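A.B. asks: Protein chains in written order, with the numbering used here: chain D, 1 to 185; chain L, 186 to 447.
Note that these hints are calculated values from the structure, not bench results. Predicted, not measured: the structure shown is a model, and the values here were computed from it. All the pointers check out, no bait thrown in.
Within a straight-line C-alpha distance of at most 30 angstroms, the following computed DSS-like cross-link-like pairs (lysine-lysine) qualify: (1) K244/L - K66/D; (2) K52/D - K66/D; (3) K44/D - K244/L; (4) K52/D - K244/L; (5) K252/L - K52/D; (6) K252/L - K44/D; (7) K251/L - K44/D; (8) K52/D - K251/L; (9) K222/L - K44/D; (10) K251/L - K66/D.
Just some of the chain D residues that point at chain L, by a computed CB distance under 7 angstroms: (11) H18; (12) P20; (13) P23; (14) E27; (15) C39; (16) M43; (17) Q49; (18) M50; (19) T53; (20) A60.
Covered by chain D, per the in silico footprint, the following chain L stretches (three or more residues, Cβ under 8 angstroms): (21) 200-206; (22) 213-224; (23) 233-240; (24) 276-290.
Don't be surprised by glycine CBs; every beta carbon is placed ideally from N, CA and C.
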Amino acid sequence: MLNSLTLLAAEAGEESTHNPIIPIWQEIVVGTVAFALLCFVLMKFVFPQMEKTFRARVDAIEGGIKRAEAAQAEANELLEQYRAQLAEARTEAARIRDEARADAEGIRSDVLAKAREESDRIINAGREQLATQRESIVRELRSEVGTLAVDLASKIVGESLADEARNRGTVDRFINELGAGTGGR
Amino acid sequence: MTGSSTVLAAEFPPSVEDFYLPSILPWNAHDSYWFTKVTALVWVAAAIIIIFFLVSYRKPQLVPTKKQWLAESAYGFVRNNIAVEMIGPRGVAFAPYLTTLFAFVLVNNFFGIVPLIQISPNSHIAFPAILAVISYVMFIAVGIRHHGFFKYFKNALIPPAPWFILPLLIPIEFFSNFLVRPFSLAVRLFANMFAGHMLLLVFTLGGFAMINANAWLAPVSVVSWIMTIALTFLEFLVICLQAYVFTVLTASYVQGALADEH
Numbered sequence: 001m002l003n004s005l006t007l008l009a010a011e012a013g014e015e016s017t018h019n020p021i022i023p024i025w026q027e028i029v030v031g032t033v034a035f036a037l038l039c040f041v042l043m044k045f046v047f048p049q050m051e052k053t054f055r056a057r058v059d060a061i062e063g064g065i066k067r068a069e070a071a072q073a074e075a076n077e078l079l080e081q082y083r084a085q086l087a088e089a090r091t092e093a094a095r096i097r098d099e100a101r102a103d104a105e106g107i108r109s110d111v112l113a114k115a116r117e118e119s120d121r122i123i124n125a126g127r128e129q130l131a132t133q134r135e136s137i138v139r140e141l142r143s144e145v146g147t148l149a150v151d152l153a154s155k156i157v158g159e160s161l162a163d164e165a166r167n168r169g170t171v172d173r174f175i176n177e178l179g180a181g182t183g184g185r
Numbered sequence: 186m187t188g189s190s191t192v193l194a195a196e197f198p199p200s201v202e203d204f205y206l207p208s209i210l211p212w213n214a215h216d217s218y219w220f221t222k223v224t225a226l227v228w229v230a231a232a233i234i235i236i237f238f239l240v241s242y243r244k245p246q247l248v249p250t251k252k253q254w255l256a257e258s259a260y261g262f263v264r265n266n267i268a269v270e271m272i273g274p275r276g277v278a279f280a281p282y283l284t285t286l287f288a289f290v291l292v293n294n295f296f297g298i299v300p301l302i303q304i305s306p307n308s309h310i311a312f313p314a315i316l317a318v319i320s321y322v323m324f325i326a327v328g329i330r331h332h333g334f335f336k337y338f339k340n341a342l343i344p345p346a347p348w349f350i351l352p353l354l355i356p357i358e359f360f361s362n363f364l365v366r367p368f369s370l371a372v373r374l375f376a377n378m379f380a381g382h383m384l385l386l387v388f389t390l391g392g393f394a395m396i397n398a399n400a401w402l403a404p405v406s407v408v409s410w411i412m413t414i415a416l417t418f419l420e421f422l423v424i425c426l427q428a429y430v431f432t433v434l435t436a437s438y439v440q441g442a443l444a445d446e447h
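Based on the sequences and whatever the hints tell you, model everything.
C.D. replies: And the structure:
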């Protein structure tokens, strides 16, 4: 094989021959440096970064699930709380409504009582006034009846009844009779 | 033959010399290897990988962008499908190196079928040899660190077998574990890339050789070039497979070094 290769190379007129299985040391140096550089950059700056990203991603997903669960729990709790508050508010509103109704009832009865009182007072005052008026009228009438009777009597009887003492006694009797007459009626 | 080659300035039966292109700096020198197409490609491969990962992972986010996703899935592939699967939970620690190795081998292999480049640095044994030596040193170092020096070599060399068979087994174990492994690793990758390049050369140059020899052979030349295209697809498969195999074998050696039982 090697012989034929050398033969071929010689035939082709090459000045030097190569054995493909024997490495060229310059290429070893170049390859080592290039590969070392590649390893350094990738293994120092790129792949650890990737591992970090992978971990962060796992964390993010797991954390997201956990966060979602927490949020769900919190939402449920809030819902319960709102429901409780709503029920409380409803009973409170009912209580206030009842109270207001009771208050209104009280106020109404108060006003009614006051109005009744007032009307009673007015009626009583009117009655009293009527009574006093009646009394004064009666008194006036009594004196007037007296004089009228005396006048009438004097006109009828004339001068005979001029005597004061008798006159007074007759009038008083008359009036008493009159009073008794009204009282008996 | 050189005289008849008018279409392409390459001789037909492609030889090993076709793998050793004249250097770029100094221009066209045949005995200078510091700056050739192959070494330039190695630098380009390293640069491509570094730039790709740094750019796509400059601002990592929890919800990845398209580029970040691509970089992450490259790393995730080696991490989960090679490192963790082969080595177990401890494999995560080796995932960065294995990913770097995989990317380096893959990109370097890939140059073998990129139009106008079409030679893989891995068809020069120097580069697979470096990677194989690193893998070799790494798995031995990992084993010694995990088990201690003597226990590791006892684990690696003495299989659980009846005593009278041991004199036969120990040399075999030594041979297969400590002598053959780096060579098989390096030569497998190198030979695949070498053969792939050689195949493409044969069919491409063969087409030219036939059309130059006789114009009536032009249809055969066309068939030959179509074969080149078909073989390029085959090469793509080989490229991915060899990068994967190199990484998986390295992981497997590390796993073997870490294993408690033989």
